[in-house]
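K.L.:
Using the sequences and the accompanying hints, generate a full structural model.
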Amino acid sequence: MAGFDDASPHFLGHRERLKGRFRAGGPDAVPDYELLEMVLYRAIRRADTKLLAKQLLARFGTFAEVISAEPERLMEVKGVGEAVATELKIIHAAAMRLMKGQVINRPVLASWNAILDYVRAAMAFSGIEQFRVLFLDKKNQLIADEVQQQGTV
Numbered sequence: 002m003a004g005f006d007d008a009s010p011h012f013l014g015h016r017e018r019l020k021g022r023f024r025a026g027g028p029d030a031v032p033d034y035e036l037l038e039m040v041l042y043r044a045i046r047r048a049d050t051k052l053l054a055k056q057l058l059a060r061f062g063t064f065a066e067v068i069s070a071e072p073e074r075l076m077e078v079k080g081v082g083e084a085v086a087t088e089l090k091i092i093h094a095a096a097m098r099l100m101k102g103q104v105i106n107r108p109v110l111a112s113w114n115a116i117l118d119y120v121r122a123a124m125a126f127s128g129i130e131q132f133r134v135l136f137l138d139k140k141n142q143l144i145a146d147e148v149q150q151q152g153t154v
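Counting in my numbering, the final residue of the sequence shown is number 154, and the numbers go up one at a time with none missing.
Just so you know, these hints were derived from the structure itself, not from any lab. Being a predicted model, the structure only gives us computed values, none of them experimental. Possibly wrong hints are sitting among the right ones.
Stated by the list, open to error - Straight line, CA to CA, 25 Å or less: simulated BS3-like cross-link-like pairs of lysine-lysine:
| id | residue 1 | residue 2 |
| --- | --- | --- |
| 1 | Lys55 | Lys20 |
| 2 | Lys79 | Lys90 |
| 3 | Lys90 | Lys140 |
| 4 | Lys55 | Lys101 |
| 5 | Lys51 | Lys101 |
| 6 | Lys140 | Lys101 |
P.N.:
In structure tokens:
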């Protein structure tokens with residue numbers, strides 16, 4: 002490559018190249034482990050995050066399952082401390098807010114199947130039972146979704 006010494010380590014500039022590929026191609030331009038790598042950059046500022054991203058995916062299966070995992074389970078993976086677990090839960094919370102924002106005040110709950118799809122998405126990968134109350138208006142638009150109880154219901 003132009004401008005690179007043959008003796009340069011391959012990882013020099015990796016983060017910038019990865020971010021550039023993401024910016025140019027969007028979310029589908031990078032596989033799950035690279036998207037997870039970029040999320041981990043915020044919690045792990047100066048170390049390689051590729052191995053940890055791959056370990057998390059090997060343990061939990063998918064990007065969605067990683068960010069949905071309970072912090073205690075995340076911290077069972079070597080290299081995941083409180084900062085990493087918190088960063089992953091922030092991403093999970095942002096994804097949940099995005100999903101709720103797309104559903105609130107929209108007539109997506111017009112059928113029983115639509116309600117089941119919404120609840121499955123809202124509770125995806127949760128290892129804790131939840132008793133939820135969905136508040137709908139006359140047009141079956143979701144007004145609010147409140148968790149009333151967690152644990153053994």
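K.L.:
Next, verify each hint and record whether it holds.
P.N.:
Verification of the supplied hints:
1. The straight-line distance between the Cα atoms of lysine 55 and lysine 20 is roughly 18 Å, inside the 25 Å bound, and the hint therefore holds.
2. Annotation: proposed proximity of lysine 79 to lysine 90 holds, straight-line Cα distance about 17 Å (limit 25 Å).
3. The suggested pairing of lysine 90 with lysine 140 is violated, with an alpha-carbon distance near 33 Å, which exceeds 25 Å.
4. Taking the CA atoms of lysine 55 and lysine 101, the gap is near 29 Å; set against the 25 Å cutoff, the hint is violated.
5. With a C-alpha separation of about 31 Å, the suggested pairing of lysine 51 with lysine 101 is violated against the 25 Å cut-off.
6. About 17 Å separates the Cα atoms of lysine 140 and lysine 101, which keeps this hinted pair within 25 Å; it holds.
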